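Taken in sequence, the protein lines are chains A, B and C.
Counting the first sequence from 1 gives a position; this note's numbering is that position plus 78.
Counting the second sequence from 1 gives a position; this note's numbering is that position plus 655.
Counting the third sequence from 1 gives a position; this note's numbering is that position plus 48.
If you are wondering where the hints come from, they were derived from the structure by calculation, not from laboratory data.
Watch out, some of these pointers could steer you wrong.
Within a straight-line C-alpha distance of at most 25 Å, the following computed SDA-like cross-link-like pairs (lysine to any residue) qualify [claimed, not checked]: (1) LYS242/A x LYS936/B; (2) LYS171/C x SER854/B; (3) LYS295/A x GLU710/B; (4) LYS242/A x GLU928/B; (5) LYS781/B x ARG344/A; (6) LYS94/A x GLU169/C; (7) LYS160/C x ASN90/A.
Owing to the predicted nature of the structure, the values given are computational and were not obtained by experimental measurement.
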Amino acid sequence: MTGKLTVLEQYNNAPKLWKIKLLTFSILLFLLVWSLIGVEYQGFSDLGGEYVRRIIVSMVQPTPKYLFGLEGSRASGVPVLIIETLGIAFLGTLIGAMLSLPFAFLAARNISPRLVNFVGQFGVTGIRVFPAFVIALIFVRIVGLNAFAGVLTISITSIGMITKLFVEAIEDIDKGVVESLDASGCSALQKIRYGILPQLSNKLISTAIYRFEINIKNASILGLVGAGGIGTPLMWAVGAHRWSDASAYLIGLIITVLIVETFSTRIRAKLS
Amino acid sequence: MKKIKNFFSDLGSTIKNIFIPDTIILTNSKEVIPPKPMSPYIIIALIISAFYFIEVTGFDLILVIRRFDQLVPIMGRIFNPDLGYASNVVDPIFDTIQMSFLGTFMGVIFAMPVAFFASSNINKNKFLVGATKVILVFFRTYPIVVYAMILVLLFRYGTFAGTIALTIFTFSIVSKMLYEHIETIDLGAFEAMQATGSSILKSFITAILPEILPAYYSIALYSFEINIRHAAVLGYVNAGGIGMVMNDTMSLNQWEKLGTILIALFIVVFIIEYISKTIRKRLV
Amino acid sequence: MIEFKKVGKIYPNGVEALKDIVLTIEQGEFIAIIGLSGAGKSTLLRTINRMHEVTSGELYVNGVNTRELKGKELRSFRRGIGMIFQSFNLVNKTTVLKNVLTSRVADMSWWKALLGLYSKEDKLIALEALDQVNILEKAYTRADQLSGGQQQRVALARTIAQQPLIILADEPVASLDPITATQVMNDFKKINKSSNITVIANMHHVDMALKYADRIIGIKDGLTVYDGPSENVTQAVLKEVYGRELTDQELMGE
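Sequences and hints are given; from them, build the entire structure.
If you want it as structure tokens, here you go:
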């Protein structure tokens, strides 16, 4: 090394980042222009601003009989529907979690060999390709326009995320605990029960609760295809422009989501 | 006879132990009372809930098994895609990408200033912080499909409505992720800048922005990933993109064509997620 | 020259942090302020560049009454005073050089600051400052990859690049190990002597304070209980300032 670095030398040593910045900027600019051209504005519909005002006004006046499930509309009242929605999300998440476990163990790099990993990942990615409403439509064809279709749909759609998070949890296991159990002569079953399960169970439950929260939020999408829960009457009302009715269902949905979200965050914080 | 009796009393005390643990007496006669475990009660609650919900939702495993033979042909046809249809897929997929990009871009830009209003360490006005956060909650819990349907009413069928819907959706989740991040940064450098005589704006640009930008870009890319997936749903309510084509093929029972669409969607999503994940890793 | 004329500071919650402070500090002095935590050292320091407002009395810095400053004048005023913090306060995710350049931003337009368009002159000033604290080779390293001592030197370089008349240092070496602390204090002394910059430092380590500063100000409960040359600081003085005898351990701050 010759002598000390001089100020002028260091000035000239500046890393030449401008090329990357220019490249990124150009790509973004290109994408932006391309998108702007592609998305066409077809103008305001004939309904116009007056209609917007009507929508807003109706939305702040939710139909009471639906909102509170009063006589005659018990079955289509919000309280009953909330329970149905909770049921769909609950069972769907439960089944989805159960189905995810084998996939997760297959895909975990510290449990299965590389080839098996690949197969597991491929399977899960294949399932993830199907958008939720496609799966929902298929199940509706098979079991009908009811909440059951919703449960099945949620089960399948949950697999993607739950598997991914399960795999992370499994790969994060501290091998040391298992090794020390091994050293004291435990059988495979005991190693799993005392070494692996305790480390995993918290994370798995946390994952399931997180997915449950998301599934409640997705209830509206299911409603689109008639697969049950509060989403279905909500979408019918919106589609038929019955804004006050829609508002009642929306309020029900939002309240449910908020409550579930709060509980979910608290419980998950406690678990970690 | 005695063996059977023993077996049952053992079983009984094991079960009791699960719920109300016996006091353990140590060799030095000290008593240890293990705490009542929560898990058995939770598990029982879950099982009961499961049965209740099975009733409520009409869950019927037998039905699935019986009707399973209807599922097989559909899946079979999907996995036997009509590749000739591919050329019809290209334009709608591009529409979807354009919609998602634009929606993400605009949503992310709007989210930035709002996130600052919602950050308790930058905005000292507690009321404003709280109010902003509450408003954001409403935006987040309002289902995107409802936005989309209303927007389609206002702006007719097509990608414009979808883009606006995605903008609103992106805005709602990005602003939350942003303010959660902003609240964790250390404002010391900001204070130091002001001590050198910089105005608040310049101090913000030089001391706070660089701390936030990597996370900001990461969040933006992540929401782009999410939006591509949502674009499919938007199509279902006629808000543009590949979802509209999917809807058509499904109503006409053209499962082979659906297969082609799904392949195209898969490729696009895969590429975007791959690029996004690579860039995001380098950002942090 | 800094003149405190019966300066008092009462916080909104009623705490009286400074009471009737009367001080005169000439250009080029090296002063260490010692005292217990909460005695008012930080507050005293921050009134000089008006990071804290005085509630009574007058504070003149080079003829300017700090209470009357606002807006652009206030920023101009702060331009001439550098500040060093115990927690370094660097921008973690940017390079060392960019951190030092932040002190030049006060004189730049905001859009140039946004695009990072610093003039060659500014960059050379910044690099010179880094050279003065012997950390030139780290100019393009990210700030959070440096050790504590190196980060504080970067902070010092940032202040040097500001070319101030006064440097205020709030516990500058409190988070550093003794060897690094000595290096940093040496740098302070060097700048003080070579550029005739007034250095006012809050110090926890009494030994270091006595070693480097020419003059010591002892603060207790918001009052100056000692103001004189460091040679004249005796155990009795320290007892007065801290309220009790200091053990050997406490003197070295370890």
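ask   = Quick one, are LYS94/A and GLU169/C close enough, alpha carbons at most 25 Å?
value = holds (19 Å)
query = Regarding the pair LYS171/C and SER854/B, is the alpha-carbon distance no greater than 25 Å?
reply = holds (21 Å)
key: Restraint status (C-alpha distance of LYS242/A to LYS936/B at most 25 Å)   = holds (17 Å)
query = Quick one, are LYS295/A and GLU710/B close enough, alpha carbons at most 25 Å?
reply = holds (22 Å)
query = Is LYS160/C within 25 Å of ASN90/A, Cα to Cα?
reply = holds (21 Å)
task = Starting from LYS781/B, check that the Cα of ARG344/A is at most 25 Å away, please.
result = Holds, at roughly 23 Å.
ask   = Taking only the CA atoms, is the gap from LYS242/A to GLU928/B under or equal to 25 Å?
value = holds (14 Å)
Violation of the numbered hints given earlier is absent; every hint is satisfied by the structure.
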